[in-house]
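*Asks:* The residues making up each chain are set out below.
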Amino acid sequence: MVIKIKNLVKRYGDLIALDHLNLEVQKGEIFGLLGPNGSGKTTAINCLLSLLKYDKGEIEIYDTPMHPEAYEIKKRIGLVMQNVAVFNELTVYENIDYFCGLYISDKQKRRQLVEEAMDFVGIKDFRKFTPKKLSGGLLRRLNIACGIAHKPDLIIMDEPTVAVDPQSRNSILEGIQKLNAAGATIIYTSHYMEEVEQICSRIAIMDKGKVIASGSNDSLKEIIKTGEHISIEILNPQNLDLDEISDFANILSVDLSGSQLTIKSSRGKNNLIPILDLLKHRDIQIGKVFSEPPTLNDVFLEITGKELRD
Amino acid sequence: MFLHNYFYRLKCIFRDRQAMFWTLVFPIILGSLFYLALSNIGNIDNFEKINLAIVLNSDEAENTAFLETVTETDLFNITETSKDQAHELLNDNQVDGIILFDQNPELSVSQSGINQTIIKSFLDQYLQVSSTLNTIITDNPQALSSGLIDSFTDPTEYVTEVTPTRNNPDPVVNYFYTLIAMACLYGGFLGLKEITTIQADLSTEGARVSVAPANKLKIFLSSILAATTIQMVVIALLMCFLVFFLKVNFGDQLVYIAITCAIGSITGVSFGAFIASVVKREEGVKIGILIGSTMAMSFLSGMMVENIKYTISQNMPILSYLNPANLITDSFYALYYYPDHSRFFTNILLLCAFNIVFSTMTFFVIRRQKYASL
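If you read the protein sequences in the order shown, they are chains A and B. Heads up: the first sequence begins at 5 in the working numbering, then just goes up one per residue. Heads up: the second sequence begins at 44 in the working numbering, then just goes up one per residue.
Think of the hints as simulated: they come from the structure by calculation, not from any bench. Note that the structure is a prediction, hence the values are computed from the model and not measured. Each residue gets a CB set at the ideal place from its N, CA and C atoms; glycine is no exception. Hints are all accurate, no fakes.
Which residues of chain B face chain A? A few of them, derived with a C-beta cut under 7 Å, are:
(1) Cys55
(2) Ala243
(3) Thr247
(4) Arg251
(5) Pro256
(6) Ala415
(7) Leu417
Whole structure, please, built from the sequences with the hints as guidance.
*Replies:* Have a look at this one:
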């Protein structure tokens, strides 16, 4: 077991930021912590890293209780923070070398690790640049390089793609998967469900300081009723009888908004073909058709009654 | 770890333009302004030689004696000329007076003033001594061999001037001493930054440092040492500027001056670290407090109004002892002015006490490694 959190409680006055949080992370996982802003993800990470005091609970990393002076555990951890944490006065190379030097004292070894880290995140050409001269995407990459240069076994990434352009985001996500393939266990917090779905092998969904559901991407979607979402563009909606569609088996809801017909069906039954046949028989002219499997947002919506991005 | 952090912190501080401006450039600019504004204050009382025209008579022997006496006084710029030309010079204000040296020497001036009074006093004294000597030589020529006459030409001073101070009082030097005190306390910018950099609740960099397997005390000490090193270099550069460029007099006790600079620098850095750790507000507020308190302390030590320092030491001496800027200023002044070191060491010991208080309180705050909030 890499991480074990038991009954963690953290209060800020009357506000309960973490409410008896329980988590377990296994070796080799990319573990996603998904939740809306304010759900307690970053607080949980800060408690995990012994930066924040907590009111109750136990935290173990590599089967050892975590505390500020647990240097042997800290050596194995890398942190990529939500906000870029680098020194503006130092160059790219110096920044990575400085933070790496807090873990690795051997200069020669460190030089090699810094080169590898720059290579890994693709900022070798900017080694003599100061952070102020880097674009937002490059700055994020530098932030990652500073957190992983010492080759940690456990990497904690707290929303590393916030305010990053799509190209850099993809590059970062690919990098995370490479780190995992190289043997690192990764905890990845985000409020972007697509990212979590894309890279995480196991996911915990958080709300109000609690884990409300956890499991693999597929297993989470299996715990909810919602199945596929069908969206059909109707060109002559006046001829449409919504009740006929509602009569199909496993239909949860049918909604016509303008020319857009949205049908939600429950899990396990695919209704797309029969519905299209019906529309054809009723001489309904159709435009674009989409059919989507349920998302983590549906999981969140069904459990909490609100959107993940609310 | 210690040296790794130390050298990188040196780089960071040295490249921090804002910190370098406030700690080095600003005091140099202010020092230059002081120099421009105050450089003439000390020269107001400087004596300038008096322009004097002398019109001689035909008796060469008497002329020689008079001319020798006038030249030896070093009071006058002498122009030997004719009577007409001398009056022309007087009318054109090129000379302050004319001595017409004849049987009965006459003084001509066109106005009254200090210079004219000095010329008259000189002439009166010359005539009085000449007359006395003539009388002695006429009535008692043996006195020539008894050395009596020498006593007229070489008067003995019966009161010896003993100065209780090392140097003469100089109203200007104190301004520069307060400037150094202010520059020392501006080392607080560096101390403030170092604490911010290592505290997880003050900066993201601090959070990253805090999660590393690094001993907090080691990081703290090496960061503060880096700040102190830079601050000492900055003060050394400022001192070089003041001594070699602006020619400010610090006396000749180099070791003690260096001690004052070093203790002052440490005080500044520890003061900034203290503010950073104790004040629980955003960085801008802390910087505001640092600048405001430093300027207030500099003001009270006489930076803007010289007499403030003395008014406070006369009426509220405790305030003088509780003001680090005043203690630094007074240390320099004690070295410059007083012949013994008791006042200097009192100041230095009080500064050391401030350092201990600032550092201890800072350490007690930053030794926490977990925070209630980030």
